[in-house]
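Following the hints, complete the assembly by docking chain G onto the known chain U.
Protein chains: 2
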Amino acid sequence: MVGGGQLARMTHEAGIPLGIKFKLLSDTPQDSAAQVVSEVVIGDHRDLDTLRDFARGCDVITFDHEHVPTEHLRALEADGIPVRPGPDALVHAQDKGVMRAKLDEIGVPSPRHRIVKDPADAAAFAREVSGAQRLDEGRWPGDGRAGGFPVILKTVRGGYDGKGVWFVRSEEEARDPFLAGVPVLAEEKVDFVRELAANIVRSPHGQAVAYPVVESRQVDGVCDTVIAPAPDLDPELAGQAQQLALRVAKELGVVGHLAVELFETTDGRILVNELAMRPHNSGHWTQDGAVTSQFANHVRAVLDLPLGDPRPRAKWTVMCNVLGGDYPDMYAAYLHCMARDPQLKIHMYGKDVKPGRKVGHVNTYGDDLDDVLERARHAAGYLRGTIVE
Amino acid sequence: MVGGGQLARMTHEAGIPLGIKFKLLSDTPQDSAAQVVSEVVIGDHRDLDTLRDFARGCDVITFDHEHVPTEHLRALEADGIPVRPGPDALVHAQDKGVMRAKLDEIGVPSPRHRIVKDPADAAAFAREVSGAQRLDEGRWPGDGRAGGFPVILKTVRGGYDGKGVWFVRSEEEARDPFLAGVPVLAEEKVDFVRELAANIVRSPHGQAVAYPVVESRQVDGVCDTVIAPAPDLDPELAGQAQQLALRVAKELGVVGHLAVELFETTDGRILVNELAMRPHNSGHWTQDGAVTSQFANHVRAVLDLPLGDPRPRAKWTVMCNVLGGDYPDMYAAYLHCMARDPQLKIHMYGKDVKPGRKVGHVNTYGDDLDDVLERARHAAGYLRGTIVE
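Protein chains in written order, with the numbering used here: chain U, 75 to 463; chain G, 75 to 463.
Okay, chain U solo, but in the shape it has when bound (with noise of 0.2 Å):
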């Protein structure tokens, strides 16, 4: 597995049971995963001879990361190596444009999209989905500023967790996207009632899973809480988002865990957001609340095993990260945590607390919502340093 954040640290778990070797290609001993697993690799993913010594031997190359240039994986692929997912699927996560693009082609309903040049054609972007919107809805989905604004401004390649990502009111505030000078995609600001996220597992001859569909609450860009599954959503619109995730997987040929993060919008519909070809934050409630876990399915797709169930073991289950507070030490919270949820699950990463980087996360089930959110909350908060009692 090429990447030693926490996804690698969490795959290594899962894969120990099947008595798998793991080898693992980290920056540095002190990553995550590097941690805990056995054979570790320091070097950069981004230099390909470093990439060609480390698939030496391995039978399949996965990522912790969407950050290898699709030309070395291409490269890994000459030389025999398989590559899970592949180049050919994995751009579609590297590369926003080519997402959109692809989307667009085969009929998957995104946020109206463009690629602009500079600050006045992301303002030409701004009025056209104005005016367009007001013209077939008849209101306007945001705080409805002259000239069409605000729209979401990202850059195509290197962006995560907020990251690469703006939020632009004005065509002033539409120039930093471009300092980078990477291609920018501009996209509505969409009109929802909150993100839903559609993860599915699919392997190399075609079997997929899928999982319940998950509410994703965000704060600050990152994401906050998911709820397994996601509450009073419309059985037929679920239904829907997980066949969208099915086909975005097999139209792209993905191969392993596919997140689709979709936007309910308030007049019913369902559009992606972004796509994640790797385990991700929106699955991490399946470690405790499912049958499979999206790490084991990852693996087992990855081998080209057949899929476990992914289906959910306990009515509601949630997942709130666990953000870097004030206090460096997590471990002493634990003692109270543990004391006053004997059902708590606690999955930290290993990482240095700074503030507002995701250090952990905490798994609550149960068969009543509001005690299952109340606790996951509660130890959240309290790791962090937010809540002291």
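Read the hints as simulated data drawn from the structure, not as lab findings. There's no promise every hint is true.
To be verified - Below, simulated DSBU-like cross-link-like pairs (lysine-lysine); rule was C-alpha separation at most 30 Å, straight line:
1) U:K425 - G:K95
2) G:K428 - U:K95
3) U:K389 - G:K389
4) G:K389 - U:K428
5) U:K97 - G:K432
6) G:K389 - U:K432
7) U:K95 - G:K432
8) G:K389 - U:K95
9) G:K97 - U:K428
10) U:K95 - G:K95
11) G:K428 - U:K425
12) U:K97 - G:K425
13) G:K95 - U:K97
14) G:K389 - U:K97
For chain G alone, kept in the frame of chain U given last:
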């Protein structure tokens, strides 16, 4: 953790979510746990210098097995390293003579037993228990051979999985156990309907949790199948077994997981067969069948963290051990097993396959015991090669 077997492997797996640093002392780099742990020291656990070097910098030491000499554990404690379970407790799992004497002292029922000094003394013991039993109960619980045989002889140290245990039918057959020069314990052959195990976990400050009592089925002295909870067990007897295990843990000062292997006798009593102070084969079902696994709770106890909920997550959970068979590569068999049963949980140890060697286990769970048993047995048999469809 001292010892690189599968118990350390699965303890590491359970410790990853806590973000703790796990260090392993292993005989070889090929040992089951050494394959999956980052920080591994290769060395001999019987050598005090090796143990001292290994223990330096550890906050606490625990064990995969009972084979570290008791005096070495005392030396580590004298060095200021917390050893959990400590030598005063662990000696009862290391020395069957000490264990029996202690259980007698605290009034916990064992099979009748005494240390015997030679084959003639074993024959005398056989006559004693035979006569007494006939007098008390009017019947003989074996095949009633002349002179009171059969009886069980055990070397007080060094046995496991049926090794170091002899089923002896005559004074002639009683010679072998004395060859090792280790004291020999004689025990009556108990007339039992089945074997049970009462598993509990206890932390240094005295918190304890009890798992449901399970039924353990042996084949050729090796655990084959565990059913949780034990079917049709009188709730009063189940409660007695849990209380007995909790009392043993308290009286012996156990920290961590304690497995109390029990006989359920034909006349409705429970007698202690063996003790193990570490995660135990009879608790492997908890990985997929309980809110908190034995491994997670062992780690929490050893670290003196509050313990997790031991309650079952399914009506029935069944564990079957996977023994080595004729096929050296079990990986190919995953395809059929996983496709046949998407809910199957496979736990392999990364060990070379040798006929009869424990190389993994499977867990299944559900509402219908017959179905759950069939699925576990099929998978274990298919992996071993004794079932081919």
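Legend entry - Hints violated by the structure (numbers, ascending): 4, 6, 8, 11 and 14
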